[in-house]
Amino acid sequence: MADELYFDYAATAPVRPEVRERMAEWLDIYGNPSSLHRMGMRAERALRRARDQVMQSLGARDGRVVFTGGGTEANNLAVYGVARAYAQRGRHIVTSAIEHPAVREAMADLEREGFEISYVRPNRRGDVSAEEVLRHVRDDTILVSVMHVNNETGAVLPVERIADELQAHPKVVFHVDGTQALGKIPVSLARTRIHLYAASGHKLGALKGVGALYVHGSLRLKPHVVGGGQEFGLRSGTENVLGALSFGEAASRAVREMESDVDAEQKRERLARALEELGYVLVNPDHHSPYILCAALPGARGEILVHAFEEKGLYVSAGSACSSGKHGREPSHVLTAMGVKPELALAAIRFSWHPGTRMSEIEHAIEVVRERTAWVKQALGIR
Amino acid sequence: MIYLDNAATTPLLPAVRAAMARYLDDAFGNPSSLHRPGREARQAVEEARRFFADWLGVSPRDLAFTSGGTESNNLALYGAYLAQRDGRNHIVTTAVEHHAVLEAVDRLRLLGADVTVVPVDSDGRVDPDDVVRALRPDTALVSVMLVNNEVGTIEPVAEIARRVRERDPGIVVHSDMVQALPVMRLSLAEMGVHLASFSAHKVHGPKGVGLIYVRSGTPFVSLAAGGQQEHRLRAGTEPVAGIVGFHAAMAELAAHFEDHVARLASLRDAMWERLRSVQGAYRNSPLDSAPSILNVGFRGLRNDRLLMRLDLEGIAASAGAACSAGSLEPSHVLRAMGREAEARESIRLSFAWQNTMEEIEIAAAIMSKIVESMRSRFTNS
Numbered sequence: 001m002a003d004e005l006y007f008d009y010a011a012t013a014p015v016r017p018e019v020r021e022r023m024a025e026w027l028d029i030y031g032n033p034s035s036l037h038r039m040g041m042r043a044e045r046a047l048r049r050a051r052d053q054v055m056q057s058l059g060a061r062d063g064r065v066v067f068t069g070g071g072t073e074a075n076n077l078a079v080y081g082v083a084r085a086y087a088q089r090g091r092h093i094v095t096s097a098i099e100h101p102a103v104r105e106a107m108a109d110l111e112r113e114g115f116e117i118s119y120v121r122p123n124r125r126g127d128v129s130a131e132e133v134l135r136h137v138r139d140d141t142i143l144v145s146v147m148h149v150n151n152e153t154g155a156v157l158p159v160e161r162i163a164d165e166l167q168a169h170p171k172v173v174f175h176v177d178g179t180q181a182l183g184k185i186p187v188s189l190a191r192t193r194i195h196l197y198a199a200s201g202h203k204l205g206a207l208k209g210v211g212a213l214y215v216h217g218s219l220r221l222k223p224h225v226v227g228g229g230q231e232f233g234l235r236s237g238t239e240n241v242l243g244a245l246s247f248g249e250a251a252s253r254a255v256r257e258m259e260s261d262v263d264a265e266q267k268r269e270r271l272a273r274a275l276e277e278l279g280y281v282l283v284n285p286d287h288h289s290p291y292i293l294c295a296a297l298p299g300a301r302g303e304i305l306v307h308a309f310e311e312k313g314l315y316v317s318a319g320s321a322c323s324s325g326k327h328g329r330e331p332s333h334v335l336t337a338m339g340v341k342p343e344l345a346l347a348a349i350r351f352s353w354h355p356g357t358r359m360s361e362i363e364h365a366i367e368v369v370r371e372r373t374a375w376v377k378q379a380l381g382i383r
Numbered sequence: 001m002i003y004l005d006n007a008a009t010t011p012l013l014p015a016v017r018a019a020m021a022r023y024l025d026d027a028f029g030n031p032s033s034l035h036r037p038g039r040e041a042r043q044a045v046e047e048a049r050r051f052f053a054d055w056l057g058v059s060p061r062d063l064a065f066t067s068g069g070t071e072s073n074n075l076a077l078y079g080a081y082l083a084q085r086d087g088r089n090h091i092v093t094t095a096v097e098h099h100a101v102l103e104a105v106d107r108l109r110l111l112g113a114d115v116t117v118v119p120v121d122s123d124g125r126v127d128p129d130d131v132v133r134a135l136r137p138d139t140a141l142v143s144v145m146l147v148n149n150e151v152g153t154i155e156p157v158a159e160i161a162r163r164v165r166e167r168d169p170g171i172v173v174h175s176d177m178v179q180a181l182p183v184m185r186l187s188l189a190e191m192g193v194h195l196a197s198f199s200a201h202k203v204h205g206p207k208g209v210g211l212i213y214v215r216s217g218t219p220f221v222s223l224a225a226g227g228q229q230e231h232r233l234r235a236g237t238e239p240v241a242g243i244v245g246f247h248a249a250m251a252e253l254a255a256h257f258e259d260h261v262a263r264l265a266s267l268r269d270a271m272w273e274r275l276r277s278v279q280g281a282y283r284n285s286p287l288d289s290a291p292s293i294l295n296v297g298f299r300g301l302r303n304d305r306l307l308m309r310l311d312l313e314g315i316a317a318s319a320g321a322a323c324s325a326g327s328l329e330p331s332h333v334l335r336a337m338g339r340e341a342e343a344r345e346s347i348r349l350s351f352a353w354q355n356t357m358e359e360i361e362i363a364a365a366i367m368s369k370i371v372e373s374m375r376s377r378f379t380n381s
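Residue numbers (the working numbering), protein chains in the order written: chain F, 1 to 383; chain L, 1 to 381.
Bound-form chain L, shown alone (with noise of 0.2 Å):
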């Protein structure tokens, strides 16, 4: 099986899971407890909160373990406007943000808020200007994605947050930066956002964590009520091991940042250079995308048949986002970049850590192969 799915979920790092066996072990305490394995899970899950506050630039208090990126993108969501609606209920976000924000924000408007989608070019791009002109005094929140999880466009997120402060200070600024954790070194002091998140299994983490940034005096109330967990921003209690097995994936990571990041780069632009040979072939992502997503499609060949067989011969890969169980929607951001016919053509390769050279040549030869078989079907039927 050559795993081209990484922006759907990435296999656990061998270093991730040495490190949980302590914690499935004699350290299993729950980190509220004062006793001897209660404070080793409270040492474990603080070691990890210093070192990702480290890695992205911020206070340890400032962050909070959840249960996932969806939660993340929740307790941001709900927590900055149910803030701050009694002033403030406009939200801005983009036409190309991923399902937990998208369907967050639609839980937002039957709440009452008032809601501007903003939309984006054919690269997949949101113009700051078109942000800029969408605040009202009453904007609450303006919530853009850093790397897009289907096309891998990144988007002026650090220009956003700047030019939406000189409009107007108390306006708070979320970004969904799920997909950018694994390839970009992110400073978020410097990018200026209030709010952020995060999640562990796309770094070669465990799923079931996330992690989510509360820069402090950001208005907040949390969506998950119960005890007095992570600052009082996420009740419940720790899930330990997943947030070690998170610290230690992202520091393997990030012990390698640089050249991670470039042998991404290699092996995707190695794909894209065997693949745009094929006929019909074009390409949806920009060339200045993130690394680790090629979005491709072959003009008339249906994304779905060619999924099939590529799993078929153990090629996995996807058409876009790996929500919405089980169905083939037409991806909203390939017709939100103005790619209508391209939607069902069209099929995500994402690339991680685990990824060899050899793989993509061998993938890119069976693609090649599978798309000449389709067509020839196609022409003699």
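Isolated chain F, as found in the complex (with noise of 0.2 Å):
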């Protein structure tokens, strides 16, 4: 990849050199950790240390880690578990207009069982109100479910706000999806009012095919995955030992980077005016993750940006990586939501990268965009 730059983290990211170095060792800790002789201890064991390295990476104290089978599944497990076992407390759950798939489509789902589900639309600029939210909360909310940052505009939400304010509702359960946010933002679930968390190993350089579901103290959930009853009961299945190796070790030196990438948002500021002189409209909310950023050249689709800049090695995504399906693109539901246009939803394009990516990497992306948008600009006639 020596000449190649990848501008696609919140599609996925590549396996961290430190996952990668120690995969051997880990592969031959093959016993299943529910057999009761020393292969199977000593994979339990293993599994024990990934755990409390991804309540600390939470910055999490009361609770337990579930491993999943990736992001999707941990955001299921959440939003099934809760509507399943407190369904009797009441059918009305808050979300936003701007979830990931894996939120949204369960909600869907929920929706076609009965349940009523508030969506709390962003601003022109992306940002979701804590007020908005909890304006939603009903007596028989048993649910609010939010995203920590969008995997689109880079919105973070205020998560941190709307668990104060939700202290005024006991009884409701409250669920962030932080799969873009672990190791690019803060996050010290410790502090805050946060029930349930669920992140995903390959957006930090774990493997792919491993997810984790933060459960705050003994909240009760009823499990997605049924069978042996591993994972506390929350999820059955044969863990994937390796997966939760490499996401243990992979979220630590995660947080350790972002914590020490002190001049992130420089470099989105940077890449953020390049773009606006190159005529670029941006989406731009005021809060924001500093590793993703949102733009459309108006007049020129997405994909042909994103084919223009390959040739010259620079990976940027047309949306988010689930919504590019083959039957052509339908504008991003999180850009009509905000009210955008449907041509300009189609002509948006998605930069991101993580704490890792140098200035210089910036500003070599920067030539790249530059010289492929004047020659798309000629070939499309726009001025």
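None of these hints come from the bench; they were simulated from the model. Just to be clear, a hint being listed does not mean it is correct.
[Claimed, not checked] Using C-beta positions, here's what the derived DEER-type ranges look like:
id: 1; chain 1: L; residue 1: E190; chain 2: F; residue 2: H287; range: 57 to 63 Å
id: 2; chain 1: F; residue 1: R49; chain 2: L; residue 2: L110; range: 33 to 39 Å
id: 3; chain 1: L; residue 1: L110; chain 2: F; residue 2: N123; range: 37 to 43 Å
id: 4; chain 1: F; residue 1: R49; chain 2: L; residue 2: P14; range: 22 to 28 Å
id: 5; chain 1: L; residue 1: P14; chain 2: F; residue 2: N123; range: 54 to 60 Å
id: 6; chain 1: F; residue 1: N123; chain 2: L; residue 2: V117; range: 52 to 58 Å
All values derive from a computational prediction rather than experimental measurement. Each residue gets a CB set at the ideal place from its N, CA and C atoms; glycine is no exception.
Join these two chains into a complex; the hints should help.
If you want it as structure tokens, here you go:
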């Protein structure tokens, strides 16, 4: 990847070198953690260490980490798990209109089952306000579920504020989809009233196929995948030991790397200004992750730019990886919820990077964008 | 350490590590991404899918990768039941299924499913007549495992599928084939099942990867909600390196399949040949069971003590399924076989690719010695 500029960290991240180095050693821990013999115990011990590492990365104290088959499943477990466990208490849920499909589709499913879902809309800049979220909470609300960082715009949602305000509603469970937040912005669960927090390993440089759900205290949940009763009975199936170990290590490393990336905001600002000069319209939420920037060149569909950049080794994406399906793209539900017109929404591209990205790589990416944008503009006759 | 607990999990084959390396490195992309790293990841996933389609005799479109055997079983049962519950809400399954099936069926019961659990004989075998007798006009789903994970009994799934189809072609037939994949040449189309579940770590692949077969046209709604991955059968970013490892492991087994199965049978037979002469030894696995599993007991000796002694001597075995974290519950399989007393005495020895005849000889000798010493202590005290 020497000459390649990977700016699609929100889709997935390369496996961290520290993770790769330890892989051989971890692969030797082949026991089934539920087995009672030595090989099993060894795997169980390793798994416990990984769990502690993830707890620490989340700044969590009172609770536990449940490993799942990925971020999608962690979010599914949270949303379905609360809905199934507390349906007797109420059937109303508050969420945002800009959630990832892992939450959004689960909500749509519950809606078909008769749950009532309130979708809180963002403002035109992409920010979701805590007041708006709280305004929708009612006596029969059982769950508030919002993402910490939006995967398309980078908007940071005020989860601490929401958690504080929810103290007035002690029976409402609060779930946060932290898939794009862990390792990108500070997460400190011990000081907040967040009950559930979902994370994904591969976004941090761990393997694909492992996720985690933090579960506060002794919160009761209905499991989504049932069977042998592993993971405190909340997620059955032989644990993905290798995946979990890679998650633990990658999470610790990612958080440390983030903490030492002191000029993160300058790097984002540098890219943002350069794009603006080239005629891009930016999505610029007031509260944003320093590692995601969504921009659109009016008149040029996102895919055209993705391919034009790729020819020079710069990888970005047109929207989220999950929605770029084979059947042609639909305008992003996130941008649509912000009131962005379909033509402009289809022009949107996403740059996403990570704390290890150097200013020189940002500059290099800007050079590619400048040259390729001129080419695309000429080809499409954009002025 | 002599590892004879391969039905719980298996060590990775060396070729698997090598195959996975590239997908931890340059081809780390998200298979749904349009750019080079994404496309390479996509290609690896599709190659794996084509390999399994070929090996299992089905269309690649009918296969989806999952996070493991348990998830595959859950997806299959929920998926087929929920898709039909307006018209059909009866499920037929057996008393000897894995917990991934039994627990899922229990959950469906809470959602309103009516469940008939078909018994087994003393060999752990289901009688197809019993299955057919259990069918009703509102039967949605029949789920019968192919190879039992505790005793290795091979269930007559093909015959069950055929007879269910003759009775009512609208009934969906699922089979948990997690323990069959390492030891049976499977042709799903011939077997006539609609749904089947598989796991990578039972065939020397990595943990955290499974496979589900959903024949086109089968009523199915996915339990995993989210993106549109895996033909919309299972949402979530695909575990690419794991899938590549699964592919590499199965390809290696497939390349030597007949020899591999024959070798397992000779290991199993050698083990039993040596153990049968030990005082009080008996065998729970039928003679025609899968060659990977030998379930045995020693009259009057508790399996928890025996396993502890074995572990101290460097032999890893188990009392049955590895699940339900840490507890040694008497096996539901042996109890269903009418072996109530044996359920507290029996252990499962399970074999795989890496085991050698030498290991079997050593393990058998150690086991005989332990049993003798436990007996003499018992009679002396």
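Hints, one by one, checked against the model:
no.	hint	result
1	E190/L to H287/F: 57 to 63 Å	holds, 59 Å
2	R49/F to L110/L: 33 to 39 Å	holds, 36 Å
3	L110/L to N123/F: 37 to 43 Å	holds, 42 Å
4	R49/F to P14/L: 22 to 28 Å	holds, 26 Å
5	P14/L to N123/F: 54 to 60 Å	holds, 56 Å
6	N123/F to V117/L: 52 to 58 Å	holds, 56 Å
When the structure is compared with the earlier hints, no violation turns up for any of them.
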